[in-house]
Amino acid sequence: MSTLLSVENLSKHYTLSGGLFGAERRLDALTDINLTVEAGETLAIVGESGCGKTTLGRCIIQAQPASAGKVVYRPKAGGEVELSALNKRQIKPWRQDIRMIFQDPMSSLNPNMRVFDIVAEPLRIHKICKGRELEDRVIGTLAKVGIPAEAVGRYPHAFSGGQRQRIGIARALVLDPKLVIADEAVSALDVSIQAQVLNLLEDLKSEFGLTYIFISHDLGVVNYIADRVVVMYLGHVVENAPTEMLFERPRHPYTELLLEALPIADPLRRKGRKAEVRGEIPYLGNRPQGCPFHTRCRYAQDVCRAEKPALRRVNGTAQEAACLFAEELELKGAYEDGPVKVLHEA
Amino acid sequence: MTKPILSIADMSIVFSSPDEADIEAVRQVELTLTPGKTLALVGESGCGKSVTARAVLRLLDKNALIQRGSITFEPKGEAPVDIAELKQDSLPLRAIRGNQISMIFQEPMSSLSPVHTIGDQIDEMMIIHEGLKPKQARERTVALLDQVGIPGARDRANAYPFELSGGLRQRAMIAMALACKPQVLIADEPTTALDVTTQAQILDLLRQLQADFGMAMLFITHDLGVVAEIADEVAVMYLGDVVEQGSVFDVFAAPKHPYTQALMSSIPKMARKADRVRLSPIKGTVPAPKDRPEGCAFTSRCPHAFEPCPTIRPARTDLGNGHHARCHLLTRVPVEEPA
Ligand SMILES: Nc1ncnc2c1ncn2[C@@H]1O[C@H](COP(=O)(O)OP(=O)(O)O)[C@@H](O)[C@H]1O
Ligand SMILES: Nc1ncnc2c1ncn2[C@@H]1O[C@H](COP(=O)(O)OP(=O)(O)O)[C@@H](O)[C@H]1O
Ligand code: SF4
Ligand code: SF4
Ligand SMILES: [Mg+2]
Ligand SMILES: [Mg+2]
Numbered sequence: 404m405s406t407l408l409s410v411e412n413l414s415k416h417y418t419l420s421g422g423l424f425g426a427e428r429r430l431d432a433l434t435d436i437n438l439t440v441e442a443g444e445t446l447a448i449v450g451e452s453g454c455g456k457t458t459l460g461r462c463i464i465q466a467q468p469a470s471a472g473k474v475v476y477r478p479k480a481g482g483e484v485e486l487s488a489l490n491k492r493q494i495k496p497w498r499q500d501i502r503m504i505f506q507d508p509m510s511s512l513n514p515n516m517r518v519f520d521i522v523a524e525p526l527r528i529h530k531i532c533k534g535r536e537l538e539d540r541v542i543g544t545l546a547k548v549g550i551p552a553e554a555v556g557r558y559p560h561a562f563s564g565g566q567r568q569r570i571g572i573a574r575a576l577v578l579d580p581k582l583v584i585a586d587e588a589v590s591a592l593d594v595s596i597q598a599q600v601l602n603l604l605e606d607l608k609s610e611f612g613l614t615y616i617f618i619s620h621d622l623g624v625v626n627y628i629a630d631r632v633v634v635m636y637l638g639h640v641v642e643n644a645p646t647e648m649l650f651e652r653p654r655h656p657y658t659e660l661l662l663e664a665l666p667i668a669d670p671l672r673r674k675g676r677k678a679e680v681r682g683e684i685p686y687l688g689n690r691p692q693g694c695p696f697h698t699r700c701r702y703a704q705d706v707c708r709a710e711k712p713a714l715r716r717v718n719g720t721a722q723e724a725a726c727l728f729a730e731e732l733e734l735k736g737a738y739e740d741g742p743v744k745v746l747h748e749a
Numbered sequence: 017m018t019k020p021i022l023s024i025a026d027m028s029i030v031f032s033s034p035d036e037a038d039i040e041a042v043r044q045v046e047l048t049l050t051p052g053k054t055l056a057l058v059g060e061s062g063c064g065k066s067v068t069a070r071a072v073l074r075l076l077d078k079n080a081l082i083q084r085g086s087i088t089f090e091p092k093g094e095a096p097v098d099i100a101e102l103k104q105d106s107l108p109l110r111a112i113r114g115n116q117i118s119m120i121f122q123e124p125m126s127s128l129s130p131v132h133t134i135g136d137q138i139d140e141m142m143i144i145h146e147g148l149k150p151k152q153a154r155e156r157t158v159a160l161l162d163q164v165g166i167p168g169a170r171d172r173a174n175a176y177p178f179e180l181s182g183g184l185r186q187r188a189m190i191a192m193a194l195a196c197k198p199q200v201l202i203a204d205e206p207t208t209a210l211d212v213t214t215q216a217q218i219l220d221l222l223r224q225l226q227a228d229f230g231m232a233m234l235f236i237t238h239d240l241g242v243v244a245e246i247a248d249e250v251a252v253m254y255l256g257d258v259v260e261q262g263s264v265f266d267v268f269a270a271p272k273h274p275y276t277q278a279l280m281s282s283i284p285k286m287a288r289k290a291d292r293v294r295l296s297p298i299k300g301t302v303p304a305p306k307d308r309p310e311g312c313a314f315t316s317r318c319p320h321a322f323e324p325c326p327t328i329r330p331a332r333t334d335l336g337n338g339h340h341a342r343c344h345l346l347t348r349v350p351v352e353e354p355a
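Chains A and B, in that order, are what the protein sequence lines are. Mapped onto my numbering, the consecutive letters of the first sequence carry residue numbers 404 to 749. Mapped onto my numbering, the consecutive letters of the second sequence carry residue numbers 17 to 355.
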């Protein structure tokens with residue numbers, strides 16, 4: 404596989420205007436993020452709300468500037484482009500290659516535009532085509548996501564949540580992108596519709612040779628769809644590993660905590676975790692010294708409060724973790740080999 | 017077996033609107049709650065979960081009518097009351113609401129006041145319903161906040177809701193719902209907006225509190241994982257019908273209704289890549305209540321639909337051990353195999 408995109412030492416902080424005493428405060432939303440996205444893979448980004456997933460997605464598509472670091476894109480034709488160094492005009496052609504799909508299709512679709520125009524708009528902005536050709540391309544893309552030609556004259560409110568998400572996907576795909584960033588794209592959908600959209604995303608991926616960054620807080624869906632998983636905590640990457648390795652034996656205690664908290668749809672595997680899952684995420688403004696996870700970590704030692712662990716390979720494998728004890732700790736995965744059960748009888 | 021504390025029998029709820037036909041949002045529902053046990057009500061959005069729950073406290077919108085059926089509440093040592101028959105704002109109803117039966121929601125701010133401290137709000141419940149003196153009430157409030165896992169309870173009692181994190185606010189709402197030691201707790205998607213880690217804590221907390229207080233719980237969710245985690249019994253709703261219900265173990269081990277089966281194959285299994293199966297989603301979308309098929313509500317999406325389904329509503333079929341489902345397949349007379 405070849406690297407399609409890399410994020411190098413990326414940081415993003417927000418400056419919050421002062422409260423009562425007027426002092427400005429700095430909120431570190433992303434700290435020194437390093438990761439690569441390989442061509443053709445589905446890379447999931449997971450973590451609790453507020454850990455920086457959306458900010459990272461927005462920094463990658465250059466919807467907002469990073470405070471430090473680089474985003475480098477390697478187009479198929481060869482060479483590399485440092486997206487983060489380009490100005491508005493220079494970046495425009497690359498915006499066709501990297502597209503984003505959002506959680507709430509209603510707020511990302513203009514309610515006053517017909518579906519046809521919503522999907523046609525990117526083609527018009529980028530002056531890709533017009534007239535008959537544009538029409539064919541819009542209708543063809545909508546058909547691919549399951550929106551029939553006779554519906555293209557309607558407005559977004561006339562569609563269900565699942566259909567609106569399909570329209571959002573069509574809008575992203577109409578420019579023939581290489582990389583699609585899906586930010587909680589199925590999180591708001593009912594399960595039966597979520598399953599339809601997940602299958603659709605998989606089919607489109609193989610049909611168009613897409614690469615996905617799949618941002619989600621649902622680890623069940625992530626295990627199903629992703630090739631590799633990046634776990635974020637408080638603006639840091641704490642683990643980065645092939646999906647099966649991570650779910651089999653996580654190497655960061657925070658990943659273990661997330662897996663442990665995940666409810667499994669099988670009462671025979673009920674966990675009754677009791678007190679194991681504990682602690683709240685500290686406020687980003689009050690980041691702990693040392694390991695950012697030490698305030699919640701059940702394995703924390705004195706050294707964890709002093710020394711900040713770097714993200715590093717564990718035992719030379721493809722699994723990376725930012726924990727001082729990644730090699731020693733025997734953390735629990737999610738594939739419990741419980742009793743084998745037949746769920747469906749004919 | 018423990019006697020049920022709340023029995024909903026044959027309950028239908030109809031919404032009327034000036035310019036459209038009436039909508040029967042909940043149809044002939046049967047549910048029983050038992051002390052110390054949790055019944056989970058699961059289904060996709062709009063299927064009637066919240067309407068069912070709100071009916072129990074008579075918190076329905078003005079255009080709603082409990083058209084048929086009863087809601088029998090029978091607390092220990094008291095005569096049974098049919099909540100469906102009580103007058104809105106009557107004394108007996110107010111004595112039940114928030115006191116013997118209380119409710120928690122997805123959004124804590126729907127039950128917490130933003131302008132009072134959480135301590136004052138919980139104190140007030142105890143002062144009104146149990147006639148405690150303010151000092152006594154505060155002692156109990158602090159104990160309760162401590163019990164629901166709010167660190168530094170005595171100080172935090174003086175906090176306003178906005179000063180607490182999402183998880184702590186959820187705990188404060190739970191404390192308020194438990195202020196008068198209710199015998200029934202109705203929880204309408206209390207963990208839906210929370211992160212998994214906070215959700216796991218709240219589920220543990222509710223389980224623990226149920227063990228301490230012995231209350232019956234009606235737990236509403238759209239997440240089958242949460243059902244498997246917390247429920248003793250489960251009822252699956254689709255377009256106003258309870259299509260299947262029974263012990264959580266029976267229903268998950270062998271779902272009998274095609275909708276329950278389809279829901280279960282819509283969620284990814286926690287499996288290794290080698291054992292991965294492609295999801296098989298339910299085709300189409302839920303029809304609007306006005307387009308509901310006359311017979312079985314699931315007809316338009318069911319892969320097994322046959323002759324009687326579009327026109328005849330399936331009966332509630334007893335499958336033994338309290339397991340029930342509404343599907344014609346269950347009463348179909350087997351056809352002779354051709355020789
Ligand atoms: N425009 C902004 N101004 C200030 N803080 C922000 C802004 N956008 C996001 N944040 C903060 O940055 C952190 C990361 O947010 P976000 O990337 O949205 O997290 P996630 O998508 O993982 O939930 C949060 O603490 C959030 O409050
Ligand atoms: N005030 C109302 N007026 C008309 N119909 C209503 C009203 N409230 C609820 N409904 C109907 O009841 C159905 C069930 O709603 P609800 O119980 O809230 O669903 P959920 O299962 O998502 O909690 C809705 O699909 C809607 O048709
Ligand atoms: S470095 Fe220490 S505190 Fe951080 S995750 Fe590892 S064991 Fe826990
Ligand atoms: S009654 Fe018919 S349509 Fe309804 S679930 Fe059973 S087989 Fe399907
Ligand atoms: Mg986000
Ligand atoms: Mg609801």
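Don't take every hint at face value.
With a straight-line cut-off of 27 Å between C-alpha atoms, the simulated DSSO-like cross-links for lysine-lysine are [as the list claims (entries may be wrong)]:
1. A:K674 with B:K53
2. B:K299 with B:K289
3. A:K674 with B:K285
Calculated from the structure, these hints are not laboratory results.
Here is what the structure says about each hint:
Simply put, K674 (chain A) and K53 (chain B) have alpha-carbon atoms about 18 Å apart, close enough for the 27 Å limit, and the pair holds. Between K299 (chain B) and K289 (chain B) the alpha-carbon distance is near 25 Å, which keeps this suggested pair within the 27 Å criterion. A distance of roughly 16 Å separates the Cα atoms of K674 (chain A) and K285 (chain B); the hinted pair therefore holds under the 27 Å criterion.
Taken one by one, the earlier hints all hold for this structure without exception.
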